[in-house]
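**Q** Chains as they are written, first to last, in the working numbering: chain E, 3 to 340; chain L, 3 to 340.
It is worth saying that the hints were derived from the structure and are not from the lab. One thing to keep in mind: the hints can contain errors.
Note: identical chains are not told apart, hence a pair may lie in one copy or across any two.
[Claimed, not checked] In silico DSS-like pairs for lysine-lysine, Cα to Cα no more than 25 angstroms straight-line: (1) K87 with K305; (2) K210 with K307; (3) K330 with K120; (4) K277 with K144; (5) K149 with K338; (6) K25 with K277; (7) K277 with K149; (8) K328 with K87; (9) K305 with K144; (10) K305 with K277; (11) K149 with K307; (12) K116 with K87.
In case you want the letters, here they are:
There are 2 protein chains.
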Amino acid sequence: MPANQQILLDNRPTGDAVASNFKLVSAETPALQDGQVLVRHHFLSLDPYMRGRMNDAKSYAVPQALGQVMGGGTVGEVIESKNPKFSVGDKVVGMGAWQQYSVVDAGQPGALRKVDTKHIPLSAYLGAVGMPGVTAWYGLSKICEPKSGETVVVSAASGAVGSVVGQLAKARGCRAVGLAGGPDKCRYVVEELGFDACIDYKAHPDAKSLYQALKEATPDGVDCYFENVGGVIFDAVLSRMNAFGRIAVCGMIAGYDGQPLPLLQPQLILTNRLKVQGFIVSEHMEHWPAALTELGTLVATGKLKFRESIAQGIESAPQAFLGLLKGKNFGKQLVKLV
Amino acid sequence: MPANQQILLDNRPTGDAVASNFKLVSAETPALQDGQVLVRHHFLSLDPYMRGRMNDAKSYAVPQALGQVMGGGTVGEVIESKNPKFSVGDKVVGMGAWQQYSVVDAGQPGALRKVDTKHIPLSAYLGAVGMPGVTAWYGLSKICEPKSGETVVVSAASGAVGSVVGQLAKARGCRAVGLAGGPDKCRYVVEELGFDACIDYKAHPDAKSLYQALKEATPDGVDCYFENVGGVIFDAVLSRMNAFGRIAVCGMIAGYDGQPLPLLQPQLILTNRLKVQGFIVSEHMEHWPAALTELGTLVATGKLKFRESIAQGIESAPQAFLGLLKGKNFGKQLVKLV
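Please put together the full structure from these sequences, using the hints given.
**A** Structure representation (structure tokens):
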């Protein structure tokens with residue numbers, strides 16, 4: 003059995019998450035029992051929701067237990083199997099956590115899924131054809147419900163979720179406008195992903211300037227907003243919403259380290275008769291098959307593009323994760339383990 | 003033709019609305035043309051939405067034109083008719099505005115409706131069996147959609163809308179909790195209207211104390227919130243919402259004179275997967291018949307109670323309206339003109 007390097011949650015953050023909240027250890031992988039398989043992880047997924055799990059507060063996510071391996075999505079290869087449905091060499095996606103190997107009870111529903119890597123790269127199952135892609139698909143299709151010709155705005159537009167939101171919006175005949183941090187990300191969002199416009203929020207540090215930029219990018223107002231960020235960006239977009247607009251609240255990363263995120267003009271929800279709805283994609287598993295079918299087809303045919311930031315080695319996971327919280331990633335943040 | 007005393011909007015408020023924004027004038031009522039009727043108003047309705055119309059800002063309500071009679075709902079009696087469908091003596095409800103008489107093109111759809119006053123008092127058509135009642139019915143039935151056993155909270159609970167929200171919630175098998183200003187209103191809400199609890203927000207001037215009182219009144223959390231007020235009350239209730247809760251945003255009277263109403267923890271919309279939706283009842287006319295049928299039956303059978311604050315004479319309308327904005331009314335605010 004190989005030695006298995008793991009990252010544990012050692013202690014909880016007070017304010018900003020820091021590297022010393024995590025601890026790298028080495029463990030042995032136990033021998034397989036009947037029904038189990040041993041998976042060697044090729045990629046580990048890093049996602050903003052993990053920050054919430056580091057706290058001990060009441061939230062939608064069960065807190066990550068201290069002293070345990072940080073949970074998270076993984077893709078990899080079966081290297082040993084005592085389960086008749088899985089063979090050595092199978093490529094699989096699961097929740098293998100922040101470690102190099104995992105022993106999986108592969109018979110448990112949803113624990114492990116074989117994936118096709120002929121047409122879709124393995125890492126994409128952690129991004130555009132995985133949880134982030136389905137998050138984009140669900141929030142856009144089921145909460146925003148955009149009609150052709152409407153304007154869809156998404157924050158964190160170059161990220162794993164936002165990049166899919168905008169491209170799906172374009173595929174549905176909408177005007178897609180992104181918000182992203184920095185000229186490189188904005189150029190990518192427009193030139194590579196095909197958004198109609200992208201606003202570099204870092205170039206607009208005050209609310210008035212941000213509103214003005216948004217106004218120029220959304221001449222017909224905003225019908226749908228897909229929120230990943232919160233704070234001043236939420237306020238600015240709220241001011242541009244059209245009557246009967248829909249806002250899918252997917253994330254508010256600007257507040258994940260405890261920063262206050264006041265919404266200054268909630269009365270706009272009333273005056274513009276808006277629907278503002280929060281959601282967690284894991285609570286809507288019934289929609290995953292339809293979403294993954296559409297997303298997989300779009301990726302396989304080259305119509306849905308994505309970009310990855312890849313950190314090397316399990317030991318790099320904490321710093322890569324902290325960078326993700328600060329927007330240092332460019333596209334889906336992964337850790338490559340093989 | 004009788005002289006017709008009217009209240010005009012003379013100038014727009016800067017900050018708080020004040021009595022000098024209005025002007026009392028006397029006009030002659032023109033002779034009737036074919037199809038028209040002359041209505042003598044018995045009661046004029048005063049409603050919070052009118053404050054929004056006094057501004058010239060972009061809002062859901064078209065601004066009230068300066069120098070024109072303030073718009074508003076009225077009930078009264080036909081005293082002259084050149085329309086075959088209306089006879090002298092008919093009791094009618096319409097949008098007769100802040101004046102003693104109105105000449106109505108009675109053939110226009112929705113302009114004038116005959117009402118039964120055998121089983122329902124005429125004034126109730128401006129309250130529980132009128133726009134405020136339908137507002138309560140729509141927000142509760144179509145946005146909150148409470149299930150039996152759930153907890154419904156409503157602010158401005160003794161008012162024209164809030165009082166109906168809580169009583170309908172009770173009729174649907176819910177726990178109904180109100181928020182109102184002062185011990186008299188709270189006692190009325192519990193003892194007369196049958197709410198399970200009512201919190202006097204004036205007795206809890208700080209957010210912590212208000213939250214604690216709300217926590218005690220909602221031991222199982224809050225599933226539905228019907229928002230009429232905004233500000234610190236919205237924040238407090240948001241902190242008590244259960245997962246998948248629904249918030250119908252009907253009004254935010256705390257900000258109608260321009261006060262800031264920041265929402266301090268909008269991230270709770272995400273973490274509790276809430277739906278927050280604003281609405282205007284006049285945009286959902288298709289639901290009025292069903293709503294009025296239920297509300298009329300409940301009032302006629304004594305199962306839906308209401309209370310009125312009645313100001314005397316058209317000249318009292320401005321002060322009564324300003325009092326309504328400050329919560330000085332107790333129940334539906336009317337002006338009696340006959």
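**Q** Go through the numbered hints given earlier and state which of them the structure violates, listing their numbers in rising order.
**A** Per hint list: 1, 2, 3, 5, 6, 8, 10 violated.
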